[in-house]
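Sequence order for the protein chains is A and B. Residues in the first sequence are numbered consecutively from 1, following the working numbering. Residues in the second sequence are numbered consecutively from 1, following the working numbering.
Hints listed in this document are in silico derivations from the structure and should not be mistaken for laboratory results. Fair warning: there could be bad hints in the mix.
[As the list claims (entries may be wrong)] Covered by chain A, according to a simulated footprint, are these stretches of chain B (three or more residues, beta-carbon under 8 angstroms):
#: 1; stretch: 16-25
#: 2; stretch: 81-92
#: 3; stretch: 147-154
#: 4; stretch: 215-228
#: 5; stretch: 235-244
C-beta: ideal position from N, C-alpha, C; glycine also.
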Amino acid sequence: MVLVKPRRGASPGSCPTPETSPSSAPARDEVLALLRNGSGRRPRFDPGLAGGLRAWLEDAAGELVAARGEDAPPLFLGPRLLWTGSAAAADPQTTAGADTSSIELVLSCLVRALFRQVVTVGHVGDPLSDAMAALQVDPARAGMAAQIERMSDATRDALSAALDVHAANLLHLTPRFAPRWLPRTHDRVAIPLAGGRVVLGGVFDLLVGAPVPGMATLCALGLTTGGRWAQARTALHYLALLETLRSGTPPFRVALLHSAIGRYGVEDVLEEHLRAVVSHVVAQLAGLAGDGPAPAAALLGGGDWDDRSRISA
Amino acid sequence: MIAVGSVPDPSPPRLLTQQLLGPLISPADDHGASVREAAARLPHALADLAVPRVGSGSFRLTDHHVRTALARSDAVAAATPFAWSARTARRALGLATVRALVAGEAASPLEGARIAIAQAVHSAGLGQGPFSAMDRWLAGLPPAGLAVVHADVVTWATRLWCAVDWSAFVEPPLIGRDRWWDSPHSSLLALRSRAEVRTFVSDPAGRHYSAHLVVLGGPRRSTIRAELSVVALVEALLAPPLVPPGRILGWWPESGHLVKVEVDASVLAAGEAAIARTLAAVEAPATPGQEVARAAA
Chain A
1 MVLVKPRRGA SPGSCPTPET SPSSAPARDE VLALLRNGSG RRPRFDPGLA
51 GGLRAWLEDA AGELVAARGE DAPPLFLGPR LLWTGSAAAA DPQTTAGADT
101 SSIELVLSCL VRALFRQVVT VGHVGDPLSD AMAALQVDPA RAGMAAQIER
151 MSDATRDALS AALDVHAANL LHLTPRFAPR WLPRTHDRVA IPLAGGRVVL
201 GGVFDLLVGA PVPGMATLCA LGLTTGGRWA QARTALHYLA LLETLRSGTP
251 PFRVALLHSA IGRYGVEDVL EEHLRAVVSH VVAQLAGLAG DGPAPAAALL
301 GGGDWDDRSR ISA
Chain B
1 MIAVGSVPDP SPPRLLTQQL LGPLISPADD HGASVREAAA RLPHALADLA
51 VPRVGSGSFR LTDHHVRTAL ARSDAVAAAT PFAWSARTAR RALGLATVRA
101 LVAGEAASPL EGARIAIAQA VHSAGLGQGP FSAMDRWLAG LPPAGLAVVH
151 ADVVTWATRL WCAVDWSAFV EPPLIGRDRW WDSPHSSLLA LRSRAEVRTF
201 VSDPAGRHYS AHLVVLGGPR RSTIRAELSV VALVEALLAP PLVPPGRILG
251 WWPESGHLVK VEVDASVLAA GEAAIARTLA AVEAPATPGQ EVARAAA
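Construct the complete structure from the given sequences, taking the supplied hints into account.
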């Protein structure tokens with residue numbers, strides 16, 4: 001069963017229509033209902049699924065390592081590079097240490113900080129002030145915080161106004177999970193292949209549920225702040241694959257929230273999704289190894305990875 | 001035997017617990033005796049290693065020093081001054097959260113983390129009794145800053161809480177007490193053993209050993225067994241005679257991978273070699289700020 005509920009203009013942050021006015025029930029209730037619907041019949045996945053997918057990826061990674069040489073440094077790949085090959089894309093992990101960031105990246109980081117706040121404490125004060133306070137407890141974002149401080153009043157006002165829209169949509173869309181659902185944000189997954197010479201990485205914006213061996217019990221929520229819907233959905237499937245490789249089973253359901261326009265979708269994770277993602281990743285690895293279409297040059301830089309994760313806990 | 005090997009498959013919760021608590025695969029004789037013999041020799045050998053660098057000041061070595069020294073030069077990022085952050089605070093607060101969960105004092109990681117943070121802020125706010133630099137830092141944060149710390153702690157604690165079958169422990173495990181060994185022969189040298197969960201296991205003959213779960217970060221690396229051997233070495237130096245270390249289990253939450261080291265004399269030798277290499281690599285004593293960073297790592 002696939003439950004996809006695209007909604008346009010159904011949030012306080014977008015132009016209200018008579019049937020989607022802000023006075024209507026928050027969309028978060030519907031997101032939660034869709035995540036819960038049928039959750040008592042959680043699917044069991046083939047115990048061999050994860051092993052099979054891993055073997056498929058290991059073969060491709062092995063060929064890539066053979067092409068790059070055993071002594072080459074590890075290659076870190078994330079969804080942005082695997083699908084667009086663009087290290088400059090608006091991925092919050094991309095340019096953590098850069099002196100300046102694009103406005104899209106700044107906005108993405110600020111919105112994600114607010115998302116974590118909404119999930120954890122359930123409310124937001126002044127969006128820009130709160131998001132800035134969040135940046136300031138992360139030394140890796142000090143440059144971005146300073147960049148925002150240096151903005152002209154007009155730019156900063158525009159950023160603040162945009163953030164207000166995102167915050168309103170987040171509050172409208174994000175379910176309030178009971179603590180027993182174990183909601184946790186920014187859950188990083190890193191799957192080493194070929195003995196760690198190739199690493200597939202990604203970050204769940206939000207995971208809920210406790211992992212149970214052999215049973216799909218997790219739900220994952222992804223957030224997109226302005227990118228293409230289809231690409232964000234594929235990235236969520238990619239994260240589902242990583243979870244399958246990490247724990248043996250994928251999340252049984254995923255939700256995607258678009259904080260710019262208030263759109264959302266919920267769907268079950270199917271084996272087809274995982275196989276499609278693996279097929280794509282294998283093709284990318286083959287391209288890097290020289291056996292397929294020429295990869296984007298940026299891929300070789302391994303840039304969409306948080307450098308901090310390479311060396312420390 | 002050092003090379004039990006990494007467990008190739010992802011680790012559902014039961015598997016991690018089985019790997020931590022399962023019976024030791026030991027030789028027929030008491031391999032704890034060989035560990036004890038090696039541990040008796042080690043204090044002198046370690047003091048000798050520290051002597052050549054007597055002019056450099058004291059060495060309080062942590063897993064951070066060992067990891068950095070053993071890593072390939074291109075895999076090590078430039079050192080940055082320590083600052084308290086959500087990232088550096090999450091382990092201490094996360095351990096407090098898991099302790100509260102295991103003790104039944106909190107019903108969820110969300111609640112446990114909130115209590116841990118509130119207690120830290122309260123301690124620093126009162127200015128009375130013991131409070132740490134981290135507590136003081138937390139007390140100065142605005143609510144939105146605390147929310148990020150809260151979120152990071154919840155994620156860290158939920159991973160550990162979900163990964164272990166806590167009902168499988170016969171005795172309540174010790175959660176997150178780092179231990180220091182101070183050389184009795186050289187005031188210059190101290191070694192830290194960091195483990196998130198400590199418990200006991202038995203061998204087929206019924207002899208008891210300590211077992212330690214170490215939460216790992218960063219990528220998988222070829223030096224990980226040497227790093228875990230240092231934990232084994234420090235535990236051997238600190239262990240009561242009847243309960244030597246038997247097992248060190250490393251776990252990467254990000255990938256679910258496990259690395260298990262069953263402790264014997266060869267493991268302690270590997271740990272000694274890693275300490276020697278670390279001391280050789282450490283050019284200057286750590287600054288107080290770096291020490292705080294490593295304590296939080």
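Here is how each hint holds up against the structure:
Residues of the stretch 16-25 of chain B lying with their CB closer than 8 angstroms to a CB of chain A number 0, which falls below the three-residue condition for coverage. Coverage of the stretch 81-92 of chain B by chain A holds in this model, with 5 residues showing a Cβ closer than 8 angstroms to a Cβ of that chain against a need of three. With 7 residues having a Cβ less than 8 angstroms from any Cβ of chain A, the stretch 147-154 of chain B passes the three-residue criterion, so the hint holds. Using a Cβ-Cβ cut-off of 8 angstroms, 7 residues of the stretch 215-228 of chain B lie near chain A, which meets the minimum of three, so the contact claim holds.
Proximity of the stretch 235-244 of chain B to chain A, defined as three or more residues with a beta carbon under 8 angstroms from a beta carbon of that chain, is not established by the 0 residues found.
The structure fails to meet hints 1 and 5 from the earlier list, while all remaining hints are met.
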